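Could you put together the complete structure from these sequences and hints?
What follows is the residue order along each chain.
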Amino acid sequence: MYLVVATPSTLGLFAGPILPADPGRFLLIEKFVLAALILTSAGLFWKRFGIVVDKIFKSRRDPGFHLSPVGKRIWDFFWEVLCQAKVIRERPLPGLAHAFVFWSFLAFALVTLNHIATGFGIPMLAPNGLSRYIPLFADFYFLFAALFAIACVVSIAGLFIRRFVVRPVWLSRVGHELSWESGVIAGLIFALMATYLASFFVADGSLAARLLWWSHTLSLLVFLPLVPHTKHLHLILSPVTIFLSRGSFSQIPPLAGDEDFGLVTGKDLTQLVSLQAYSCVECGRCTEHCPAANTGKILNPKEVILGVRGYLNEYGPVGSSAEELLLGKYNSQEAAFQCTTCGACEFQCPVGIEHVPIIVGLRRGAVNTGAWEDDYGTKLFLAMERNSNALGLSASERDKFIQKQELPIFDGTQEYCLWLGCMGGYDPKGREIISSFVEVMRYLGTSYGVLRKEKCTGDPARRLGNDLVFQQLAESNLEAMTQQKVKKIISICPHCVRTIQEDWKEFGTPPEIEHHSEFLARHQTQLPHQKTEEKIAYHDPCYLGRYRNVYDQPRSVISSAGTLVEAERSRERSFCCGAGGGLAFLGEEHGQRVSSVRAQELVATGATTIGAACPFCNTMFRDALASQGDNSPRLLDIAQIAAMQLPKPDAKPQA
Amino acid sequence: MKIIVAIKQVPERDARIRIDAQGKWIDLQDVEFTMNESDAYALEEALQLKEAHGGEVIVLSAGPERVGRTIREALAKGADRAIHIESADETALSDFDALGIARLLAAAVKDEQADLILTGLQSDDLGLGQTGVIMAELLGLPHATLILKIEKTDTGIKVLRELEDGWFQHLALPTPAVLTIQSGNSKLRYATLMGIKKAKTKEVRIVSVADLQASNPDLAPRPVVVLEKIILPHKQRTTQILGGTPGEAAAALVEKLQFEVRAI
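So the sequence lines, in the order shown, correspond to chains F and U.
What the first sequence shows, in this note's numbering, is residues 1 to 655, in sequence order.
What the second sequence shows, in this note's numbering, is residues 1 to 264, in sequence order.
Careful, some of the hints might be misleading.
[What the hints assert, rightly or not] List of simulated lysine to any residue pairs, SDA-like, C-alpha gap at most 25 Å:
id, chain 1, residue 1, chain 2, residue 2
1, F, K453, U, P11
2, F, K648, F, K453
3, F, K379, U, I196
4, U, K198, F, T378
Because the hints were derived from the structure by calculation, they are not lab data.
Please read these numbers as outputs of a predicted model, since none were measured by experiment.
Structural data, given as structure tokens:
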């Protein structure tokens with residue numbers, strides 16, 4: 001029927017007002033049939049949708065959730081829902097096709113209303129309807145909708161071909177057949193648009209017009225109850241999900257009361273978690289970008305969300321059957337602990353699902369109740385309990401480093417408190433980064449000092465779900481900072497930055513903190529530059545990029561020293577190094593190592609230097625590059641790249 | 001099984017140690033405290049026995065109020081209740097030697113009728129290794145030291161005891177008995193949020209030293225061992241060059257690693 005539109009012989013269009021054919025006057029019996037069908041359709045719709053709504057509302061309220069700032073929510077709704085910006089940006093061609101289907105639906109709201117009203121003999125858009133008040137409104141609107149209908153027909157056909165012929169792996173589900181319902185839905189959308197368009201080409205009051213009207217109506221009434229029974233539920237839920245996000249990226253909610261240990265059983269599922277679980281459209285963008293799923297782990301973020309949905313369907317959020325563990329039939333503990341919390345899934349998700357808080361929530365449930373037994377994990381937690389650092393080393397090792405480097409002790413008079421972190425204080429490579437950064441600060445004459453005693457920020461415990469260790473470390477650090485009158489912190493570790501700035505808020509008011517890349521970028525003009533032709537590839541750390549939106553600052557440091565080259569996946573799409581979420585401490589991975597996959601990507605840029613901005617990425621790549629052989633590029637932190645260009649006052653004159 | 005675990009709170013291993021003004025003990029200001037390591041393993045053994053055979057684990061500790069934190073930690077890891085022999089202040093227990101402390105501990109638990117009393121092999125601070133065995137003597141119970149493994153049998157328990165030089169001894173004991181536990185054989189568990197929350201509702205019976213002494217004058221400190229003076233160890237680094245042919249040097253190195261450093 002779409003072809004009909006393009007055929008010149010049918011262009012009787014221009015003869016008079018361009019309107020869909022009037023289906024004529026409806027018999028009383030037709031009106032009764034129509035009413036009965038509408039009631040049946042709505043009833044079937046509610047039969048399923050009512051259950052979903054009930055499950056969402058019966059879920060626990062979200063602790064710490066507040067609607068403000070509403071402005072940001074309205075903007076997100078406008079940008080991500082109405083403009084479909086994220087859908088288009090991250091997958092341009094299918095994204096645009098999707099956007100046209102969506103916009104057509106919006107455009108069709110009025111057409112559909114008019115269509116049904118016509119059936120009852122009260123057409124609103126008829127010449128004696130709205131156009132009486134707004135001249136030519138109907139003429140304009142029907143054409144306007146027709147343009148969208150054309151775009152929609154093309155788009156839905158394209159999407160159909162993509163799903164059933166091209167078949168990208170992300171759209172599939174493990175152990176599931178090709179989604180037949182998507183085909184049916186695509187067919188119905190196609191039918192809706194085609195019947196509408198066709199009605200422009202038939203005579204008013206003809207049998208054809210009447211039949212087209214009924215076909216359109218039936219398509220609509222079959223479509224409606226299918227929505228809540230399939231993933232097309234996202235049509236209704238995802239605008240709400242996007243509007244009701246937790247507020248910021250990967251925000252881990254506070255625990256409420258003495259009985260909250262994270263996501264243990266159904267009663268712990270919150271309204272937002274349930275809403276998000278039912279919003280999933282199964283597009284697989286999360287899985288496509290997941291470092292675990294891409295390296296042969298069992299974790300698949302899409303399946304985690306659908307696992308929660310499966311749980312809700314079978315056990316629900318309340319009642320005796322909701323005593324079942326969430327990490328059981330529908331989700332596995334092993335998968336939950338393979339997540340690096342890189343946030344690629346959450347960043348990609350077009351329907352507003354916040355995967356990281358859910359995965360961390362499942363881990364909290366397992367760790368806070370002691371259900372997670374892992375030799376490495378236990379060792380890490382005990383090290384953090386006893387030594388207050390993730391590496392399990394004696395605090396005297398840090399003291400020795402401070403003495404050796406003659407780092408001034410923070411006494412409240414300096415501008416910056418230089419936070420060493422576990423890596424900066426104990427790890428040999430991390431110490432090199434600190435030393436280089438200190439050189440830069442000394443050159444700039446920045447006043448800084450390090451804390452005499454420092455405990456881990458609690459990041460690995462936080463992401464692995466150990467709230468006890470995290471709380472103890474956060475509280476004791478916050479107390480020390482207040483005592484020492486720390487106002488501004490600077491850190492070389494994006495994990496420390498994130499945890500101090502965002503996660504500590506649960507227990508107090510953390511001082512201002514920034515990452516050294518931000519400091520270095522701000523002081524670019526005051527630093528000497530010796531730009532070379534060297535190709536330097538920059539790796540975006542997850543906790544600096546997606547978590548903090550810092551992309552350009554480290555690049556400006558690199559550009560000052562050489563030619564910046566980009567890896568295949570960079571910026572918002574950067575691929576994790578494999579260390580986040582406490583995984584750096586959890587022993588050998590299944591499948592390929594995330595770090596070596598990423599290191600190969602960085603090597604493939606042809607760069608002779610890899611620029612990192614996180615000591616964890618650094619340590620992961622150090623090991624991964626070691627296995628690349630002698631020709632592997634050198635690995636430097638941006639602090640080292642900045643320090644390299646400083647004049648060497650005590651360098652011996654070259655012979 | 002009813003198991004009592006005697007636990008000591010000691011300065012953290014990497015605490016910065018300073019000698020106090022009297023030169024008789026370390027300055028406890030700014031020192032962070034933790035559970036004595038081998039006591040943590042004793043607790044783990046007790047918890048595993050309870051998990052396998054049911055029963056109750058009771059934590060026993062003596063010291064000032066601060067000891068309460070370590071007791072809570074033990075309760076959080078799964079102990080059922082605790083007895084805290086509380087001293088009035090930081091120095092109140094310093095007049096007691098191992099014998100005196102063991103008397104207090106024994107007095108506090110003599111009515112419990114426990115099947116087993118476990119404690120660490122020795123404390124990380126004083127390292128005397130006496131408290132457990134003296135308790136056994138005071139309570140008139142059989143005891144075994146340096147225990148790595150405990151197995152319940154129909155008549156009592158079977159234990160694995162570490163001897164010198166890679167030798168082990170299998171022993172059968174009747175219950176009740178006192179065992180001192182060697183570190184490192186089992187895997188310690190981590191404390192959980194749920195454990196800590198539950199620990200809040202668990203019973204901690206506080207028995208003051210003064211009350212114990214009032215009912216039993218024998219419990220007054222009558223030290224037979226008195227700390228006269230403590231000094232920080234003098235650190236020195238020495239380097240030994242192992243000479244000879246590479247073969248001889250390697251053999252000498254292996255011998256030193258095996259018998260001097262005992263690293264292999």
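Could you work out which of the previously given hints the structure breaks and list their numbers from low to high?
Checked against the structure, the only hint that fails is number 2, while the rest are satisfied.
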